[in-house]
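Trainee: Sequence order for the protein chains is Y and V. Residue 1 is where the first sequence starts when you use this note's numbering, and the numbers rise one by one after that. Residue 1 is where the second sequence starts when you use this note's numbering, and the numbers rise one by one after that.
What the hints contain is simulated information worked out from the structure, not anything from laboratory work. Beta carbons are placed, not taken as given, at the ideal position from N, Cα and C, and that holds for glycine. Treat the hints with caution; some may be incorrect.
[What the hints assert, rightly or not] Some, not all, of what chain Y presents toward chain V, calculated at C-beta under 7 Å:
#1 G206
#2 D209
#3 T215
[To be verified] Sample of chain Y residues lacking proximity to chain V, with all beta carbon distances greater than 10 Å (derived):
#4 E184
#5 G248
#6 G269
#7 S283
#8 K284
#9 A291
#10 S336
#11 E339
#12 G348
#13 S349
#14 E354
#15 G374
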Amino acid sequence: MKIRHLAKAFTLAATVAAGPVLAADDEVVIGLSAALSGGAAGTYAAPAEGLKLYIDRLNEAGGINGKTVSLVIYDDQGDASRAASNGKRFLTQDDVQLIISVSTSATFAPLISQATRQGVPILFAGSVCPAETMPPAEPLLYCSTGFSSVHDSIAMVDYLRELDGDATVGFAAMGIPISRAGMEEAERIVLGADMKSAGVEIAPPGTADYTPFATKLIQNGAEAVLAWSPWSVQIRFFDALRKQGWEGNAFVGHLAEAELEMMEIKDPGLYTVGSNAMIFEDSKATQDLVAAVTESGVDLHPEAIVDGWLGGIVIEEVLGKLGDDTSAEAINAVMSDIEIDTRGLRGGSIKWTENNHFRETIYYRVYRWSDETGAMEIARDWKAYEVE
Amino acid sequence: MQIVANIVVLTSLYALVASGYVLVYKVSRVLNLAHGELMILGAYLLVATSAGITSDPLIAIALTAVFSIIVGLSVYLLLMREMTGQPVLAAVLTTVALGILLRGAMVLIWGPQQLNVASMLSFENASVVLTDSIRVSTASLWLVICTVVVYLGLLAFLHMSRWGMRMRASGQNPLLAAQRGINLHTVYALAWTLSTFSGSIAGVLVALDSRLDVNMAVIGLKAFPAALVGGLDSLHGALIGAGVIAVLEVLLIHYVNPLLSDVVPFLVLIAILIVRPWGLFGTKEELNRV
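Starting from the given sequences, assemble the full structure and let the hints guide the process.
Mentor: Have a look at this one:
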């Protein structure tokens, strides 16, 4: 039916089968380990494609400072053992100068351990930001992704307090550490703000029916629900609440699938809180992105690739500041002291320092569907949060 | 009371899926470990039908039912038929391979993204108020109704129709059944077809209720303890096994720890396998033959 997916698979297979890539003097070799297939691909495959598209366009335009970027892509399926294998190939066969991860948190540990041993920096560009990128940051780990469980949770609670500070709040998480950490932190903030909690419901991976979890939140008196987990889980929690006639507001993390789904659901009670701009805004930045996708002829939803596209912008800016030395060490030196212009796709720049490889200030916007206008709308514009 | 409704809906889901395991096992002694994948393939067939053939939801669902019958028949004729006479383990491993193949093919064809099937079909999965304290979704209500209809239909078919009796006879003693003139291949093909058909109904209704992605094949795995607890060759056992697993899951979520809901069904499964390996309503001697 959709032959393009077959074509993508063959392209990927060809990339993998091409064998080791040896760096020429006029190129920088970057390894990309991404969940292109497997259970998490719904969230990560599109940003990875977006990053590839950005890099392809850079190369077509003559590269950066006369150097082309050779992107070596391996699929890790969101699986730790495959990520370990990819890391080994990047470092021993492909001789990469930088590794990019667009995958699940389960893949981080093996990639990090191998790359840091060899002194090769890792950029998380579409993967959730690991704690090691936040102050005090580990030397070789950087993150440009727009979502982070703890910071998103802080922004969600903050917006909820603005909207309805008296609400009893329920929390929906998935049984994976990063999701639980986000929602447990959100509950702690809520309780610290003298608001009431309806408890944290944690659904195991592979849950067949989210209704019982939603029932518990409703019976505990949840008037608002916060969720931070893979999109498929967030939205199934929301569906399960609505199916039982629950009429409160839900606040979820803004992930790759968010905009397209919200336009389908058309529910003004569903708010996404995140740091990426949405495509419907039709700003200069989003117009450029949409135009690039259209020109490429690649079957991609622009709404789903923003984090990958921003990863491409990061690569362009970092390599643009490199001199003749394109070693991993030189790339790391540039990354540890840089301010990246996000060109309107975020509320402000991404600034990395020696101590902070996440960003000094993170900007959040809140989106929802508006019944009045029959379109998506910005419920609250960019608000800055300092990262401590 | 909402908890009771949740238990009934989850029981229906597991029972409908488990009926597919039981049908194939009861007749051919093959444990179909690709049943979860065949289940969601049914839902993807609905997506394909509604996108490529007709936008009318009722016609799309009817065509999906026909296609799922063709899939079930094809799986038997092209693959499982070759396993006849081979060790049971070989047949089971073949279904494992089939499951992996189907999962990969579905990702390649329809992509890894989650699909909102209800929206694609303009199906409004509205909340249905049953009493003041009980609400279920329209798709869940259909799931319960379809499970009742499928079970009544299958029980009537197996016990009252000529082909049903042939299926039971083939399961009990294939050699004798063959000597009495029953065409075993036809009976096995019928079992695979009915199994895939009931799985597809479950897949379609789950997709209409809570979207569709390849990971939903894991529901097949979660329904597996239901089939085994009840007894792999017992249709009413599967229904009761599904009830046991659903009650445990929902009560654990509500009163103990939600994360236990993922583990305890399999603990029950292990306990049953130790105490009564043929399941609550399974046939002892049949299991020994496996």
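Trainee: For each hint, tell me whether it holds in the structure or not.
Mentor: Now the hints, each set against the structure:
1. G206: holds (4 Å)
2. D209: holds (5 Å)
3. T215: holds (5 Å)
4. E184: Per Cβ check, E184 (chain Y) is outside 10 Å of chain V; nearest 13 Å; holds.
5. G248: holds (14 Å)
6. G269: holds (14 Å)
7. S283: Given that every Cβ of chain V is farther than 10 Å from that of S283 (chain Y), nearest at about 25 Å, it holds.
8. K284: It holds; K284 (chain Y) is separated from chain V by about 28 Å at its closest Cβ, greater than 10 Å.
9. A291: holds (23 Å)
10. S336: S336 (chain Y) is indeed farther than 10 Å from all Cβ atoms of chain V, at 34 Å.
11. E339: Correct as stated: the minimum Cβ-Cβ distance to chain V is 34 Å, above 10 Å.
12. G348: holds (30 Å)
13. S349: holds (31 Å)
14. E354: holds (38 Å)
15. G374: holds (16 Å)
Violated hints: none; the structure is consistent with every hint.
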